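Construct the complete structure from the given sequences, taking the supplied hints into account.
Residue numbers (the UniProt record's numbering): 1 to 186.
Derived by calculation from the structure, the hints in this document are not laboratory data.
A quick note: this is a predicted structure, and the numbers were derived from the prediction, not measured.
All C-beta atoms, glycine included, are put in the ideal place defined by N, C-alpha and C.
The reader is advised that the hints may include incorrect statements.
Claimed, not checked - Computed Cβ-Cβ distance ranges for the label pairs, DEER-style:
(1) A142 to H50: 38 to 48 Å
(2) Q59 to K30: 17 to 27 Å
(3) P118 to D31: 37 to 47 Å
(4) D31 to R71: 37 to 47 Å
(5) G80 to V137: 28 to 38 Å
(6) A90 to L55: 19 to 29 Å
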Amino acid sequence: SALQSGNRSSRSLGVDTERSVSSDLAPKPKDDTERLLGLQVAMKAADLGHLGEELPVHQRWLSSLEEEFFRQGDRERELGLPISPLFDRAKQGVGKSQVGFYDFVALPLAHALSSAFPGAQPLMQCFLVNYNHWRSVDGQPALTLPLRNCSGKQPNVHPQPHLSAEAPTTPTDITNLINTSTTAAV
Numbered sequence: 001s002a003l004q005s006g007n008r009s010s011r012s013l014g015v016d017t018e019r020s021v022s023s024d025l026a027p028k029p030k031d032d033t034e035r036l037l038g039l040q041v042a043m044k045a046a047d048l049g050h051l052g053e054e055l056p057v058h059q060r061w062l063s064s065l066e067e068e069f070f071r072q073g074d075r076e077r078e079l080g081l082p083i084s085p086l087f088d089r090a091k092q093g094v095g096k097s098q099v100g101f102y103d104f105v106a107l108p109l110a111h112a113l114s115s116a117f118p119g120a121q122p123l124m125q126c127f128l129v130n131y132n133h134w135r136s137v138d139g140q141p142a143l144t145l146p147l148r149n150c151s152g153k154q155p156n157v158h159p160q161p162h163l164s165a166e167a168p169t170t171p172t173d174i175t176n177l178i179n180t181s182t183t184a185a186v
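Right under this line is the structure:
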């Protein structure tokens with residue numbers, strides 16, 4: 001899905017909708033529902049954008065996020081409340097859950113975005129590069145990717161892309177993914 005001229009939501013986000021969008025970057029949306037869905041996917045991808053940054057930048061963001069989660073868990077402990085998953089300093093943190101988060105939220109979202117907006121394919125590539133890092137940290141073999149890493153250098157791998165077979169393909173699937181990732185911890 002793509003933004004179309006005259007869309008108030010996109011204007012409020014500072015998106016230039018007066019120029020025509022090249023069909024190779026994004027196809028024209030069928031209706032307002034599809035246009036809104038495209039905007040929601042783009043906003044959620046922006047919210048998770050650190051997952052596709054160069055690894056050192058991504059790790060700094062993740063560390064900050066983990067500290068924020070731990071502080072909330074500390075506060076929950078002080079108030080005698082159950083500590084939310086991933087928020088307990090005494091247990092594994094966000095870093096240990098990254099493979100699952102990429103599998104169930106980040107990669108399907110990046111796939112939906114790059115399918116709807118082919119110009120977003122570099123984001124998908126960077127997500128996959130960092131996903132490989134977390135797989136290796138988790139003791140899983142790295143996937144071989146026919147992709148460039150986020151710095152533009154060709155990684156030392158062989159072609160064999162991995163995309164979840166359950167990547168969202170319908171508007172309902174994508175809406176469910178957005179709602180799930182809104183409540184999931186990164």
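Outcome of the hint check:
For the hinted restraint 38 to 48 Å between A142 and H50, the CB-CB distance of approximately 20 Å leaves it violated. Our hint of 17 to 27 Å for Q59 and K30 is violated, since their Cβ atoms are close to 40 Å apart. Taking 37 to 47 Å as the suggested C-beta distance range, the pair P118 and D31 does not conform, at roughly 20 Å. For D31 and R71, the Cβ-Cβ distance of about 43 Å falls inside the hinted range of 37 to 47 Å, so the restraint holds.
With their beta carbons about 34 Å apart, G80 and V137 fall inside the hinted range of 28 to 38 Å. Distance hint check for A90 and L55: the Cβ-Cβ separation is about 27 Å, which falls inside the suggested range of 19 to 29 Å.
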